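Starting from the given sequences, assemble the full structure and let the hints guide the process.
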Amino acid sequence: MFSLTRRLSFGLRYTNVPSRRNESNSKKLRGPAAQDVSYFRSVLTRPSHGVLDGTASHDVKDEIDKKYNTDWTRHYKGSSDLVLRPQTTWEVSSILKYCNENHIGVTTQGGNTGLCGGATPISNEVVLSMEYMNRIYKLDEYSGVMTCDAGCILQSLHDYAEEKGFLFPLDIGSKGTCQIGGNVSTNAGGHHFFRFGGMHGTVVGMEVVLADGRVLRLNIDNSEDGNNERTHQFQQSSASLRKDNTGYDLKQLFIGGEGTLGIVTKVAVACPALPTSKNVALLVCNSYNDVLQILKTSKEELGEILSAIELIDSNTMNFIQKYGAGNGDHLMTELLSSETTSKQPLFILVETQGCNQESDFSKMDSFLTSLYESSTIENGFLAQDSKQIEEIWGLREACNPSVAQAGYVHKFDVSIGIESYMEVAEEVSDALKKSNLPDLTVCCWGHVADGNAHINIISGKFDGDVNEAEAIENIVYSSVMKRKGSISAEHGIGQSKRKYIGQTKDEAVLELMSQVKNLFDPNFILNPGKYLP
Amino acid sequence: MRKILVPIKRVIDYAQKIRVDSSKGPQGVQLKNVKMSMNPFCEIAVEEAIQLKEKNKGAEVVAISVGPKQCTETIRTALAMGADRGIHIETKPDVRGDYVDLQPWAIASLLKGIVEKEDAVDLVLLGKQSIDSDCGQTGPLLAGLLNAPQATFAANIERGDDGSFTVERETDTVITCDLRLNTPRYPTMPNIMKAKKKPVDTISLEDMVKELGLDLDEVLTPQNEVVEVYEPPPRKEGETVGSIDELLGKLKEKGLVA
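Note that the protein sequences, when read in sequence, are chains A and B. If you count the first sequence from 1, you need to add 4 to reach the numbering used here. If you count the second sequence from 1, you need to add 23 to reach the numbering used here.
By construction, these hints were calculated from the structure, which means they are not laboratory data. Only a predicted model underlies this, so the values are computations on that prediction, with no experimental measurement involved. Hints may be right or wrong, so weigh each one.
To be verified - Only pairs whose alpha carbons sit at most 16 Å apart, straight line, appear in this in silico EDC-like list of lysine to aspartate or glutamate: (1) A/K282 / A/E362; (2) B/K58 / A/E304; (3) A/K415 / A/E362; (4) B/K58 / A/D389; (5) A/K168 / B/D44; (6) B/K217 / A/E377; (7) B/K40 / A/E167; (8) B/K26 / B/E77; (9) A/K367 / A/E304; (10) B/K220 / A/E304; (11) B/K40 / A/D389.
Printed below as a string of structure tokens:
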């Protein structure tokens with residue numbers, strides 16, 4: 005079989021990345037054995053729930069395979085035989101200390117909704133699931149700082165904050181399943197990144213357990229920790245303050261560190277006040293130039309109340325109509341019957357959040373009017389009430405699940421300059437047509453105001469041909485890199501993008517990152533086989 | 024069909040969490056900075072009116088609302104969905120529409136006057152109830168005052184022919200609408216633009232009452248007095264048990280199992 009990569013000359017080099025210390029160290033790791041399982045049982049407060057031993061029975065092994073050894077995209081499969089589900093930080097500390105001393109690999113897992121295989125074991129590492137560490141401790145009603153366990157499901161944090169009149173600043177499609185520890189560890193972006201910024205800014209404190217078992221409390225209140233007999237061993241740290249400039253901000257290393265430097269066990273997140281006025285409109289336009297005009301106008305006319313701008317292209321919308329709409333059927337019919345001059349219209353979701361319904365509505369009204377009168381948009385749908393707001397957002401959140409049902413999905417999450425946002429999708433589409441890779445549809449959707457495009461290439465067949473995957477990656481990444489973009493805007497590295505990190509970062513940067521890893525995890529037990537090349 | 028009247032109500036959006044300070048009695052409902060929308064059942068009524076208008080050329084749909092000045096927004100939404108004209112009976116800002124001040128009897132009396140004033144009204148379509156007072160009385164009261172046939176909780180309306188429910192071509196018929204009747208459309212840009220030019224007549228409550236020959240005191244004095252407003256008691260936390268035996272024990276304790 006001839007190499008497809010050779011035919012396409014976009015200048016992408018697959019050089020052999022010089023072997024770094026992580027590779028040789030990780031060879032010294034082993035999987036857990038019977039005596040290890042006994043030890044783990046002895047340190048967990050509820051061993052009957054906290055230890056899933058795959059060697060004990062077929063049922064348990066099945067459960068582990070289905071729930072923990074596979075990821076959401078079903079692209080990655082591990083072969084772990086042991087899942088540990090601790091309930092307290094002390095348990096996590098004991099587990100890691102033991103694994104570190106015995107060179108046992110550990111993969112941390114939250115909601116298992118990641119899209120790069122970062123939470124899936126690569127072979128038989130121990131899976132450390134955070135699902136039972138899910139207490140919410142408090143929300144300070146003046147500072148808005150919420151303190152909770154890392155295993156809390158994101159939706160539950162939204163609900164809790166809403167009760168108290170606050171809004172949790174992170175919002176992503178998987179919020180019904182994903183856990184905040186995972187969100188922090190992957191520096192998740194989401195729909196409201198534009199308005200509230202990312203986790204590097206909103207996370208004000210965290211508690212993290214290092215590979216050797218030491219517990220770091222970084223600007224977080226530990227007074228509610230259930231295990232009081234152990235807390236006297238730790239220094240009382242500052243309590244979830246909004247501002248604290250005393251020393252290197254270590255927590256930033258763990259945000260986006262994907263569990264390779266330590267395990268996040270608690271977080272303190274600053275929540276803004278819940279907006280009382282929300283407006284959502286879905287706009288239909290003919291070309292990306294119109295979208296650029298929408299972006300400009302929205303900053304002028306909506307200004308400080310603008311909270312999200314999302315793009316969905318025609319190919320994606322067609323898949324949603326086929327596989328996803330559900331509640332939005334009515335909207336979908338009205339949407340797709342809009343008269344447009346282009347055969348491939350683009351759909352833009354605009355959301356505003358503020359505290360005065362009248363003035364927000366009047367801003368939205370003048371914004372839509374000016375777009376319509378200048379023919380920037382062909383049509384617009386303004387949600388009249390909460391039900392219609394949910395329906396419009398429902399369409400945006402249906403993008404991922406809908407294409408997943410359409411075939412095998414080659415997923416890309418890239419950052420490009422906003423002006424050239426659609427160019428990558430268009431260039432890739434042209435290149436794929438010219439190559440002899442058949443039956444591929446290029447879908448593009450995403451956080452256009454952040455320059456973040458989710459490019460998903462759907463193959464009609466379900467089998468996932470490796471050569472095809474590599475050829476497609478080649479085409480997409482070279483298109484992105486020649487525009488000096490990022491090959492992973494928000495999804496992270498995990499297993500899927502390791503090899504590209506070596507090519508997109510300077511030698512000095514890679515060297516320092518490697519040294520940091522060595523400092524925090526010298527035995528390389530944390531999430532082996534991931535992240536750094 | 025000549026005219027279809029659709030009374031609509033501006034209420035707290037159905038998805039909003041209602042906060043109540045029960046120590047303040049009826050005034051304890053938090054209304055400040057709370058999202059308001061058209062009552063969902065009124066939306067369905069507007070949608071139905073427009074669908075009927077689309078099937079019957081020449082029919083005119085008039086949206087009416089009684090409430091503070093912000094009601095014009097609600098009427099504009101109805102116009103953006105396709106209503107032709109609006110009438111806004113403006114009340115002073117502190118007059119509460121959620122049963123504390125204005126109650127169904129007063130509203131029905133006002134609407135009766137308007138139906139008679141408008142003349143040529145073939146159908147009045149209302150939502151089955153408003154989600155703030157949940158009375159469901161305005162429609163039936165209006166029908167009684169007009170001595171008109173009424174059908175409440177309509178899940179399907181067919182005009183002209185056969186089975187299900189038919190609206191005969193009698194004048195002054197009153198129908199209230201329920202959930203399954205239709206799915207309200209979105210206001211789209213072309214219609215939002217047109218709506219800005221559609222006429223909305225505003226008249227103060229006092230003037231309207233005078234014109235209809237009603238008694239202002241009677242309209243503003245509620246027939247029933249709201250004595251107390253409180254939040255439903257919070258759901259109690261469940262208990263976790265450690266084993267099936269413990270669960271059985273608890274169930275027996277509570278007399279739920281023999």
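Each hint tested on the structure:
1. Taken as a hint, the A/K282 and A/E362 pair is honoured in the structure, with Cα atoms around 11 Å apart against an allowance of 16 Å.
2. Proposed proximity of B/K58 and A/E304 is contradicted: the alpha carbons are some 24 Å apart, above 16 Å.
3. In summary, the hint linking A/K415 to A/E362 is not supported, as the alpha carbons are separated by about 41 Å, beyond the 16 Å threshold.
4. Restraint check for B/K58 and A/D389: satisfied, since their Cα atoms lie roughly 9 Å apart, inside the 16 Å limit.
5. For the hint pairing A/K168 with B/D44, the CA-to-CA distance comes to about 15 Å; that is within 16 Å, so the pair holds.
6. Using a Cα cut-off of 16 Å, the hinted pair B/K217 and A/E377 holds, with the two alpha carbons roughly 12 Å apart.
7. Between B/K40 and A/E167, the direct Cα distance comes to roughly 8 Å. Compliance with the 16 Å bound is thereby established for this hinted pair.
8. Taking the CA atoms of B/K26 and B/E77, the gap is near 13 Å; set against the 16 Å cutoff, the hint holds.
9. Our distance criterion of 16 Å between C-alpha atoms is met by A/K367 and A/E304, whose separation comes to about 10 Å.
10. Distance check on the hinted pair: B/K220 and A/E304 sit about 26 Å apart at the alpha-carbon level, beyond 16 Å; violated.
11. Between the alpha carbons of B/K40 and A/D389 the distance comes to roughly 14 Å, so the proposed pair stays at or under 16 Å and holds.
When the structure is compared with the earlier hints, violations turn up for hints 2, 3 and 10 and for no others.
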